[in-house]
Amino acid sequence: MAQIDPTAQSLAAASDARSRGRLESETIAGIVIFLLCILLIVCARFISPALGGWSHAETTLLLASFLIVVAFGQGLVILVGGLDLSVASMITLGGVLSTTMVGSYDAGAWALPVVVVFCSLLGGVSGFSVAYLKVPPFIMTMAMGVIVYSACLGYTKGSPRGAAPELFIDLMKAEWLGIPVAIIFVLLFALAGWLVQKHTAFGRRLYAVGSNQEAAYVAGVHVRRVTLSAYVVSALCAGFTGMMLAGYANGATLRMGDSYLLPSIAAVVVGGSSILGGRGSFIGTVGGAILLTALSTIIQALGVPQGWRTVIEGMIILIALLMLREQLYQAITQLFSRQH
Amino acid sequence: MTVTTAQPMAPGWKRALSDGAMIITIVYLLLYAIYASSEPSALSVFSISSLINNTAPLALAAAGATLVIICRGFDLSVAGVVSVTNVVMAVMPLEGPWGALGSLAICLAIGGFIGLINGFLVAYLKLQSIASTLGVMIVCQGVALVILDAPGGWVAEWVSYELTDVLFGFLPVSGLILLGVVGLWLLVLRSNLGLAIYAVGADETSAGLSGIATRRVRLLVYVGAGLLYACAGYMLSAQTATGNPNAGTPFIILTFAAVAIGGTSFAGGSGGLIGSMIGAATLMLLQKVLFSTGVASFYTGMFQGLILVLAILFRGSIVALATRRGSG
Numbered sequence: 192m193a194q195i196d197p198t199a200q201s202l203a204a205a206s207d208a209r210s211r212g213r214l215e216s217e218t219i220a221g222i223v224i225f226l227l228c229i230l231l232i233v234c235a236r237f238i239s240p241a242l243g244g245w246s247h248a249e250t251t252l253l254l255a256s257f258l259i260v261v262a263f264g265q266g267l268v269i270l271v272g273g274l275d276l277s278v279a280s281m282i283t284l285g286g287v288l289s290t291t292m293v294g295s296y297d298a299g300a301w302a303l304p305v306v307v308v309f310c311s312l313l314g315g316v317s318g319f320s321v322a323y324l325k326v327p328p329f330i331m332t333m334a335m336g337v338i339v340y341s342a343c344l345g346y347t348k349g350s351p352r353g354a355a356p357e358l359f360i361d362l363m364k365a366e367w368l369g370i371p372v373a374i375i376f377v378l379l380f381a382l383a384g385w386l387v388q389k390h391t392a393f394g395r396r397l398y399a400v401g402s403n404q405e406a407a408y409v410a411g412v413h414v415r416r417v418t419l420s421a422y423v424v425s426a427l428c429a430g431f432t433g434m435m436l437a438g439y440a441n442g443a444t445l446r447m448g449d450s451y452l453l454p455s456i457a458a459v460v461v462g463g464s465s466i467l468g469g470r471g472s473f474i475g476t477v478g479g480a481i482l483l484t485a486l487s488t489i490i491q492a493l494g495v496p497q498g499w500r501t502v503i504e505g506m507i508i509l510i511a512l513l514m515l516r517e518q519l520y521q522a523i524t525q526l527f528s529r530q531h
Numbered sequence: 023m024t025v026t027t028a029q030p031m032a033p034g035w036k037r038a039l040s041d042g043a044m045i046i047t048i049v050y051l052l053l054y055a056i057y058a059s060s061e062p063s064a065l066s067v068f069s070i071s072s073l074i075n076n077t078a079p080l081a082l083a084a085a086g087a088t089l090v091i092i093c094r095g096f097d098l099s100v101a102g103v104v105s106v107t108n109v110v111m112a113v114m115p116l117e118g119p120w121g122a123l124g125s126l127a128i129c130l131a132i133g134g135f136i137g138l139i140n141g142f143l144v145a146y147l148k149l150q151s152i153a154s155t156l157g158v159m160i161v162c163q164g165v166a167l168v169i170l171d172a173p174g175g176w177v178a179e180w181v182s183y184e185l186t187d188v189l190f191g192f193l194p195v196s197g198l199i200l201l202g203v204v205g206l207w208l209l210v211l212r213s214n215l216g217l218a219i220y221a222v223g224a225d226e227t228s229a230g231l232s233g234i235a236t237r238r239v240r241l242l243v244y245v246g247a248g249l250l251y252a253c254a255g256y257m258l259s260a261q262t263a264t265g266n267p268n269a270g271t272p273f274i275i276l277t278f279a280a281v282a283i284g285g286t287s288f289a290g291g292s293g294g295l296i297g298s299m300i301g302a303a304t305l306m307l308l309q310k311v312l313f314s315t316g317v318a319s320f321y322t323g324m325f326q327g328l329i330l331v332l333a334i335l336f337r338g339s340i341v342a343l344a345t346r347r348g349s350g
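Quick mapping for you: the protein sequence lines, in order, are chains A and B.
Position 180 of the first sequence, counted from 1, bears residue number 371 in the working numbering, the numbering being contiguous throughout.
Position 161 of the second sequence, counted from 1, bears residue number 183 in the working numbering, the numbering being contiguous throughout.
Worth flagging that the hints you see were computed from the coordinates, not collected in a lab.
Quick caveat, the model's predicted, so the values are computed rather than measured.
One or more of the hints may lead you astray.
Unchecked claim - The calculated DSBU-like cross-link candidates involving lysine-lysine, where the alpha carbons are at most 30 Å apart (straight line), are:
hint, chain 1, residue 1, chain 2, residue 2
1, B, Lys310, A, Lys348
2, A, Lys325, A, Lys389
3, B, Lys310, A, Lys389
Isolated chain B (complex conformation):
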């Protein structure tokens, strides 16, 4: 652990890339090469942008989960927030660009509120994070079922067309949104808050002793995660154009897998959002590759589970090697 706790003090984007994100980027590029060799159309603007569109919801959700995990917590409420925002988008379509903005505001309010509840339960009432966010997730899924009891409804046309569109013939809108989140994260990294998040995750007691308001940082982290999950639900609605009260369920395993292969340790205090987002992209690409190579879709879950466990074992062995070298 000495290695990972020393790292957060290095400033800026260099750390963000050096920590696991580099490895997963290389894996992604290799996988893309395989995909391109079996499917020649893989390099066209259309298939790249559709891949980015597919990735956006998971990448946003994984970014949110990463925030909480860096702070040494777990957040299962992602499934709940994505489901609730998705059904709200489908039940209450607001047309036009202003309508889209209004829907986004509603989604963010929902996500922020749920994040606030999570943060309050974990940071101030000191409940165990897995159990309490599990409870919140179940309540949210119930609420989603109350709003819309079966798949259906239509998302506003403006949202489902414009947000999955390609600007100037090469720039997918969803990619821009992901870049926006990355930009925000780089800003946060340079602020005191960024430092505090890593400090609380690495060692809460010493973070508290050095004057960090640990409870407030934790609360903010859960709220931030809730907002990102809401964005994920928003982008998912844009992509599917319909509502499903169980839309969020597959997100639980996929977000944690994305975070794990993106190089963020579940022990807290290390890793970053960018790695997780590339991890999410890798998972979605893997699904495409498996599909194009003809593996039965029944077994997709098996691959996802295996990748999740292997990523953690791989990372664990690297950390073990690094610590041995550091001490010896």
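The shape of chain A in the complex, shown without the other chains:
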């Protein structure tokens, strides 16, 4: 990085100006999505008087906290141009490991390090295969998901037993100054996630790898190592979500992760990140996660049957993709103009 020639410097300046403009549009998109969340919750009062108040907002935030944590990892993987389809199984793994450990050893304190070790190892295997062995990301993570799920199935013989560790029951159920601890935790998590993604060298490297691998490589970024670490973080976040869910429900089920896979992708896309990688902000993703959760609580209150709820979920993904299409065109034209 020491010897930068003048043309590179002016290029860097140009890209700086571009990223500043982009940041501004990202901030605006973030504000819009949070305004939408508030509007949605306030308008819910018209549907049912039980909704629309502070308690509804609190419940929404609490339920969104799971999605926010998974979506952080998912977002990092999408940022480097991948997709993590194994999060559902990793959530189940986190839940199953933490509850069965408490059940058999009565040693809840060990649950956290065990989940951390298992999830980072498995995420590391996925990341290694994607980054070094060039297996397509969605195939690798899909296969990993099936493998982990079937391991959980075999390990628990089909029905997980045990109870959640005290620590996670406290995290999800306790209150501090009248505010649920989980909400305080997730706000801190969102802040930390945003800082990591936007203001650390690690975060900037993720953006570099996602927007142009070759350029990142030339600039001295360890492209494969950075890609690998994104998958490790994603598996860790999913495993942690599993522990949070186990604490919330005081138990684990084998299907507990399923309802978070598609929303985790949807939250990232709705939050304005490009599904092709290289662009997006965690604040947008947090907004997307809260918006999706608010929407689903309202749909649930309306008593819409499961089938229509699923249809709406799919439509949201498609609509978000269509709305981002304009940006896609820009990205493609930029790509071509850079080549010529």
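Following the hints, complete the assembly by docking chain B onto the known chain A.
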């Protein structure tokens, strides 16, 4: 990549067999020998035809997925199409041979329509194929739940008896249907469309420059895939004789595994339907072998996932070796 892009220009069925399909055929025969040695009844007409019946839905679905993958795309909507056609068959049973034909027409219309949506989103609106077909798949699964909210219903008796039957004492009907698809594919391979599919998958820009209507080819590929998924749903209904709104879910991982072990590269531009169909047969046979050797059924998924990854790694190392030899 030079090796794989040069191949599509060779005409006819020789390529179809030489590209990965040969390897998987040998693997299949070896596996069958193991199966036959542990289970002496494996060579009877009954068990062969029941194996073919089991294979038919997955083989058809894998054939459809292969079309899209050759064209350098991914299609997750297979789960959606199979679920929707399955519940439609169970909710609306049409009796008799004409009823069966009517049901097939309805299924094909559903599959073709969903394929059309996929193709439009990917080819004309330029959406990323994984994400948009994921969205379409979720919508379809929702629709399947709306039509039938819990497993149940009965598929028409004619369909469930005749389509799983054995003709003249040795010819399973489902095998005939698979042969029909293979025949159609060989015809397509000899046409301009066949060439265009490989060309678009290998290099879209140069395919466009040499006068191929790349967007139309892509659209057609997704429609063709949708039609094949619909056939898969039709044959699945014939086999299970009942409806299940989640019938298609296991198909996602299995179709991609079948395509991968059948020798089609996920980078597009190479491979073929026949390899994928034999790949599907191998996966179903493997399930039987695992079952007969007494591996706990809990761990079947683990084997499927491992096979998927190993097949890709195996293929990747072969391509790497071939390119090294080609350049050196």
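Hints versus structure:
1. B:Lys310 to A:Lys348: Answer holds: Lys310 (chain B) to Lys348 (chain A) is near 21 Å, not above 30 Å.
2. A:Lys325 to A:Lys389: holds (27 Å)
3. B:Lys310 to A:Lys389: With a Cα-Cα distance of about 51 Å, the restraint between Lys310 (chain B) and Lys389 (chain A) is violated, given a limit of 30 Å.
When held up to the earlier numbered hints, the structure conflicts with hint 3 and nothing else.
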